[in-house]
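**Q** Sequence order for the protein chains is A and B.
Just so you know, we're using numbering that gives the first Met the number 0 here: the first sequence kicks off at 0 and counts up by one.
Just so you know, we're using numbering that gives the first Met the number 0 here: the second sequence kicks off at 0 and counts up by one.
Just so you know, these hints were derived from the structure itself, not from any lab.
Check before you lean on any hint, since a few could be wrong.
Unchecked claim - One side of the interface only, derived from the structure: several residues of chain B facing chain A at Cβ under 7 Å:
| # | residue |
| --- | --- |
| 1 | 122 |
| 2 | 125 |
| 3 | 181 |
| 4 | 185 |
| 5 | 209 |
| 6 | 213 |
| 7 | 325 |
Stated by the list, open to error - Here are the computed lysine to any residue pairs in the SDA-like style, where the Cα-Cα straight-line distance is at most 20 Å:
| # | chain 1 | residue 1 | chain 2 | residue 2 |
| --- | --- | --- | --- | --- |
| 8 | B | 62 | B | 4 |
| 9 | B | 328 | A | 43 |
| 10 | B | 62 | B | 132 |
| 11 | B | 328 | A | 356 |
| 12 | A | 267 | A | 0 |
| 13 | B | 3 | B | 238 |
| 14 | A | 288 | B | 76 |
| 15 | A | 353 | B | 367 |
| 16 | A | 353 | A | 337 |
| 17 | A | 179 | B | 214 |
| 18 | A | 288 | A | 217 |
| 19 | B | 328 | B | 248 |
| 20 | B | 328 | B | 310 |
| 21 | A | 244 | B | 214 |
| 22 | A | 179 | B | 62 |
| 23 | A | 384 | B | 46 |
| 24 | A | 384 | B | 248 |
| 25 | A | 369 | B | 391 |
| 26 | A | 384 | B | 365 |
| 27 | A | 384 | A | 302 |
| 28 | A | 249 | A | 8 |
| 29 | A | 347 | A | 290 |
| 30 | A | 288 | B | 73 |
| 31 | A | 384 | B | 14 |
| 32 | A | 379 | B | 386 |
| 33 | A | 317 | B | 364 |
| 34 | A | 379 | B | 378 |
| 35 | A | 369 | B | 73 |
| 36 | B | 328 | A | 372 |
| 37 | A | 369 | B | 390 |
| 38 | A | 384 | B | 47 |
| 39 | A | 369 | B | 3 |
| 40 | A | 179 | B | 210 |
Just so you know, even glycine gets a beta-carbon here, dropped at the ideal spot from N, CA and C.
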Amino acid sequence: MQLTSYAHSIEEIDQLATVGVGEIILSYGPLSRGGGLDLATVNLLAQYACQRELAVSLEWDILVTEQQFAESCQQFAQLPLELFVGIRVSDFGVMQFIYQQHPSLKLIPILEGSCHNLPAILSVLELLAGRVKRVVLSIEISSGELEQIIPEIDLPVELLLLGPIPLYYSPRQLLTPLIKQERSCGELIQLFATSQEGPHHGFPLVESDHGTLIYNTRHLWLLNALPRLEQMGLTVGRVDLRAVKDHQQKGGMWQEIAALFNQFEESKAINLKDAYPFNTIHGFFRANKSDVLFPKLKNHRLTPIGENYLGEVVDVIKGELLAVVWRRNGFLPPLESSLYLLTPEGKKINFRLKWCRDTQNEPIETPIQKDEIVLINPIKRVSVKSQLYLSCQPGE
Amino acid sequence: MSSKIPELLAPAGSLEKLKVAVLYGADALYLGGQQFGLRTAADNFTQRELVEGCEFAHARGVKVYVVVNAFLHDQELAELPPYVKFLEQVGVDALIVADLGVLKVVRSHSGLPVHLSTQASVINSYGAKFWQRAGVTRVILGREVSIAHAGEIRRATGIPVEIFIHGSMCSSYSGNCVISNFTQGRDSNRGGCAHSCRFEYSYSDQDGAVIDSSSPYFLSSKDLNGLSLLPQVVEANIDSIKIEGRMKGHHYAGVVTKAYASLLAHYQKIGQWDQNILQQQTEELSRVINRDYTSGNLLHPAQGDSIYQQRENRPLEYQMVGIVHQVVKDDFILVEVKSAFELGDRLELIPFAGEAQEFELSWIRDLAGGQVVRTRPSTMVRIPYLPAAQTFNLLRGRCAEVVCN
Chain A
0 MQLTSYAHSI EEIDQLATVG VGEIILSYGP LSRGGGLDLA TVNLLAQYAC
50 QRELAVSLEW DILVTEQQFA ESCQQFAQLP LELFVGIRVS DFGVMQFIYQ
100 QHPSLKLIPI LEGSCHNLPA ILSVLELLAG RVKRVVLSIE ISSGELEQII
150 PEIDLPVELL LLGPIPLYYS PRQLLTPLIK QERSCGELIQ LFATSQEGPH
200 HGFPLVESDH GTLIYNTRHL WLLNALPRLE QMGLTVGRVD LRAVKDHQQK
250 GGMWQEIAAL FNQFEESKAI NLKDAYPFNT IHGFFRANKS DVLFPKLKNH
300 RLTPIGENYL GEVVDVIKGE LLAVVWRRNG FLPPLESSLY LLTPEGKKIN
350 FRLKWCRDTQ NEPIETPIQK DEIVLINPIK RVSVKSQLYL SCQPGE
Chain B
0 MSSKIPELLA PAGSLEKLKV AVLYGADALY LGGQQFGLRT AADNFTQREL
50 VEGCEFAHAR GVKVYVVVNA FLHDQELAEL PPYVKFLEQV GVDALIVADL
100 GVLKVVRSHS GLPVHLSTQA SVINSYGAKF WQRAGVTRVI LGREVSIAHA
150 GEIRRATGIP VEIFIHGSMC SSYSGNCVIS NFTQGRDSNR GGCAHSCRFE
200 YSYSDQDGAV IDSSSPYFLS SKDLNGLSLL PQVVEANIDS IKIEGRMKGH
250 HYAGVVTKAY ASLLAHYQKI GQWDQNILQQ QTEELSRVIN RDYTSGNLLH
300 PAQGDSIYQQ RENRPLEYQM VGIVHQVVKD DFILVEVKSA FELGDRLELI
350 PFAGEAQEFE LSWIRDLAGG QVVRTRPSTM VRIPYLPAAQ TFNLLRGRCA
400 EVVCN
């Protein structure tokens, strides 16, 4: 498995080259969500990386509105495109643009947000036929699912193994109002937010030219799963150490991570995790049960079932009547018919129809139309929303 | 007149709300079944209700679109084909999807038209082209696109476009918020959104120093209101305008649908925008549940003033008290009580067209004929006949007079 990571300086490229990283990622400020390098630095670093025989991919991960599109394309065109082995893209519109307008460029679709099933992933590859260098899968796909998905993809596959987890991306500049200061172009505002209504403290917030980002309070850590991922056929593991500010510490970590990629040793992985300066989680790698939703309030006893369903009780006047909104069109049960009510609590109450009147208190003699309100004889222990059924089909 | 009137697409959170939205002027409705949508807490439609809802809407020339817009994992995708076949059998007019895998299943198991959900965040012409190649027949653009740019996307691609015109907004790009997923284990893109953007937050800087901010709700967007921008919408040749709100009540469904429908209907008939209707309906929109209004990104990119600095919705001036179930000419109106009201209260009947009519309750009787002084929710009562009343009209009262929740 190959290791890829972000580089922001000549020194970082040297560090990455030294530990044997095959490919680096460059983020260009105008095209990268969290901000990035200026044009001159991208040029410099791309050329330097190539001299050091490192492959370079470019990150264009902002979502681009129609209004910004032409400008983004111009900024993209200024870059040394021939030096990039692939363009990392999140916006399907940007993928389509590169596919259509830059036939010599390869794409690295970032499918971290929206493609959690194999047919979706294969559809992207089909729509970008022949132009995809590799595909970046979502960290919300569990290991069990990855085991099924990765072998079905005929291209290299990348996954984030270590780094911050993006939670939220807005085009609105939401931090400027908090600090009550204008932000100059290219500058970042970085704060932390703590929920007053939940247990989570210190969400990292970033405001860039492209809007506002929120990251999880804990970073993703999947380096302990390297052997399993390798077995699944994962081709590229991405490590994002941009949040590690200490240059020396970062260099040391890359060295240890590269060593793990070369030869995995559990004890070394544990030591590395202990030394990592942020709290970590496995995310949804072990299992994704986020569809086991919050308890649904809907009472399924109130769901009408079958052909014998007649309607729903909408009013109860004790000792006098039940009002039913009739749901079965063109049907009048004969008097003395055997009926039953299913209450919201699940109780079944059998009774006989003694009388049946309309809302003007006149006896009903013709078939009842759907949605009519019908008054019937009172039944004890029945509440509103109880469902009315015929005990057997007419004629049975 | 070269510009066409856009389709008015209203939310249907339940069968009864569907009927309300149809009768108050929707051209089309969107609703969710019991699975695969993003509003798991809404009542949603059983298969029986879906059949009935389609029959009711189609009988009145109103289209029905069903949302299947969750981002599904492989296991869930396997459960989708029978549901898609059922929806085609029922005769729904289109499905709303966000996931390429779902799109593939829908296209291989039905001939139903597919609208791309706003969850896919298409915000440029190339994005629309990408999805057009994938097989969608309409694109519901991301809420970050202005009306003018929506028109440009329409012109550049030829694909019909739909924009959100009214209701609650995510402050994030739709589909790009997974706060619920990682903090509460609830997948916001599979119907589990915990609305963390409405929570209160405190802030600190890089050194840990607390930021003294008067904006504890920095993520909470105001609600979108594009009523006054309908002339631009028509000018831009937008195909469909959508009202958000499957989780909201009957009053919202009826009043908001009516506001947009009445302004569009007058324009369609006369060819001019009526300022009186605009003013009257703007006031009506202030009477339904909202978090203050913003034009969002419809004209310019939304910024700090689009954020709502409160935890709760704006206090309501009006409360819906009931829904008309039967009108017996010159005798009585049968009302299902939604909120309590009393003898002598002044209520308003909201007709399907025209201004609300105020009246005083001179008598109230229950279904057994007994006199009622104060009604109870979830009961049926008779009140005096009003010539303007029709089945499924809404009744409301001022909060000063009735009990507001």
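**Q** Hint check: residue 369 of chain A vs residue 391 of chain B, CA-CA at most 20 Å. Holds or violated?
**A** holds (14 Å)
**Q** Given residue 122 of chain B was flagged as interface, is its beta-carbon under 7 Å from a beta-carbon of chain A?
**A** holds (5 Å)
**Q** Hint check: residue 369 of chain A vs residue 390 of chain B, CA-CA at most 20 Å. Holds or violated?
**A** Given pair residue 369 of chain A, residue 390 of chain B holds - Cα atoms ~13 Å apart, limit 20 Å.
**Q** Should the hint that residue 213 of chain B touches chain A count as held when the rule is a Cβ pair under 7 Å?
**A** violated (9 Å)
**Q** Residue 379 of chain A and residue 378 of chain B were given as a pair; does the straight-line alpha-carbon distance stay at or below 20 Å?
**A** Judged against 20 Å, a Cα distance of about 17 Å means the pair holds.
**Q** CA of residue 384 of chain A to CA of residue 14 of chain B, is that 20 Å or under?
**A** Within the cut-off at roughly 15 Å; holds.
**Q** Are residue 328 of chain B and residue 372 of chain A close enough, with their CA atoms no more than 20 Å apart?
**A** holds (16 Å)
**Q** Need the status of pair residue 384 of chain A, residue 46 of chain B: alpha-carbon distance at most 20 Å?
**A** holds (19 Å)
**Q** If you draw a straight line from the CA of residue 288 of chain A to the CA of residue 76 of chain B, is it 20 Å or shorter?
**A** Holds, at roughly 15 Å.
**Q** Is it true that the CA of residue 288 of chain A sits at most 20 Å from the CA of residue 217 of chain A?
**A** holds (19 Å)
**Q** Does the interface hint hold: is residue 325 of chain B within less than 7 Å of chain A, judged Cβ to Cβ?
**A** holds (6 Å)
**Q** With a cut-off of 7 Å, does the beta carbon of residue 185 of chain B approach a beta carbon of chain A closely enough for the hint to hold?
**A** With Cβ-Cβ at 6 Å, under 7 Å, it holds.
In this structure, the earlier hints numbered 5, 6, 9, 10, 19, 20, 21, 22, 29, 32, 35 and 39 are contradicted, and the remaining ones agree with it.
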